[in-house]
Amino acid sequence: MSLLAVTLYFVEFVRGAALISFLPIYGKNELGLSLGVIGAAITANALADTAVKLAIGYLLHRFSVRTLVCGGLAFSLAGIVLVGLADRPWLFIVSSAVYGIGISPIWIVCLTKVRERSRATQMGVLYTIWLVGLGSGPVVTNFVLERSPVVAYAIMVAVSGAAWLMSLFIPRDSRAEMAYVPFRRQLSMLADRLRTMNLLLPGMVLQTLAAGMLMPILPSFATDHLGLSGPQYSLLLFIGGGFTAAGLIPMGKLSDSFGKKWFLIAGFCLFGLSLFFLTRLPPLGLALFWAFVLGIAYAAVLPAWNALLAAYVPPGQSGLGWGVFSTVEGIGGLLGPVIGGLLASDFGEPAVVGLTGAIFIVISLFYLLFSFRLFRGEGAAGDTVG
369 MSLLAVTLYF VEFVRGAALI SFLPIYGKNE LGLSLGVIGA AITANALADT
419 AVKLAIGYLL HRFSVRTLVC GGLAFSLAGI VLVGLADRPW LFIVSSAVYG
469 IGISPIWIVC LTKVRERSRA TQMGVLYTIW LVGLGSGPVV TNFVLERSPV
519 VAYAIMVAVS GAAWLMSLFI PRDSRAEMAY VPFRRQLSML ADRLRTMNLL
569 LPGMVLQTLA AGMLMPILPS FATDHLGLSG PQYSLLLFIG GGFTAAGLIP
619 MGKLSDSFGK KWFLIAGFCL FGLSLFFLTR LPPLGLALFW AFVLGIAYAA
669 VLPAWNALLA AYVPPGQSGL GWGVFSTVEG IGGLLGPVIG GLLASDFGEP
719 AVVGLTGAIF IVISLFYLLF SFRLFRGEGA AGDTVG
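In the working numbering, the protein residues as written are 369 to 754.
For the record, the hints were derived by calculation from the structure and aren't laboratory data. No experiment lies behind these values; they were computed from the predicted model shown. Take these hints with a grain of salt, some might be off.
With beta-carbon atoms standing in for the labels, derived distance ranges [as the list claims (entries may be wrong)]: (1) S370 x F660: 28 to 34 angstroms; (2) F715 x L654: 21 to 27 angstroms; (3) G653 x D592: 18 to 24 angstroms; (4) P650 x A614: 21 to 27 angstroms.
Where a beta carbon is used, it is the ideal one built from N, C-alpha and C, also for glycine.
Given the sequences, and given the hints that come with them, work out the whole structure.
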């Protein structure tokens, strides 16, 4: 588990560096690509990632953990190397897709290694690794990019190569503890899950759609409209990510005590309002304050949201249940980047940031009208939980 955890950190470091910083900034400033092309590249990455998730049950049943993780990370390393060689929009998109192939296996394998007797602790560790890796990658990359895109690219290649090398130390006979479910049966169970959680679907898709819309345009919004330098943008991300990480445990305990509903409502509302106020182009100090509010808002949402979804996971089917949720949420992640990039090309980055803020406020209002009993795992959810 320790070997997998370190490998996971390296993978998430490169994922954050590539998708949040390098692809948008390098693609726009060095390659001269439009935001629409950058958004399409991020969508291609998400599409490849989702395709692997859909096939992961079959793959884990057929191959050892070492073969699957090592092979996937080889694709990711190849994709990162190709990004630096991309001199055409189509190659930029293809390299991003190739990189996306290897992202999922390590995360899903880590989930299969979580033991029931210490599930909460191990899941907390995994989410911390995920968040720290995803946050530290763009912070480091933004700081270096302003000085040397070549060095930033070299760091990503080196860390991606280190992740692949570490995967070689996974025992040859290591197997994931995941029951194989035939694809037809998966489709049937997927339909059952979606019917049970139909009231959650709009929020699931909209929130990942809104977050995806921000990915290709956030760096250019920060530099071109907020007037932030690379280090200042890194500080913005560090404050937002740092307060998210610091707030996860206390916010989780508070949501358990006072109810998940109000934490989702308040979190999504604050997230939307913060994005709206950032479109007013505040000075640096105020922008950092709104980054702090964004971090606290996300810390309020994440534990409550995961706890809500957990009520819809049937006993003994955690792998399939979370796979369904990841797939549904992935729909928004697929559409968001290309929509955000195209809208920014026509209307500008501040318009996209304002629109995403409005979407998060709409989600908040949606959950305000959502039945309280469903937030306690009763009603429709209770049928699955027992």
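Outcome of range test on Cβ distance (F715, L654; 21 to 27 angstroms): holds, 24 angstroms
Range agreement (Cβ of D592 with Cβ of G653, hint 18 to 24 angstroms): Holds: the Cβ-Cβ distance is about 19 angstroms, inside 18 to 24 angstroms.
C-beta pair S370, F660: status relative to the range 28 to 34 angstroms that was hinted: holds, 33 angstroms
Cβ separation of P650 and A614, checked against the hinted range 21 to 27 angstroms: holds, 23 angstroms
Going down the numbered hints, you'll see the structure goes against none, and every one checks out.
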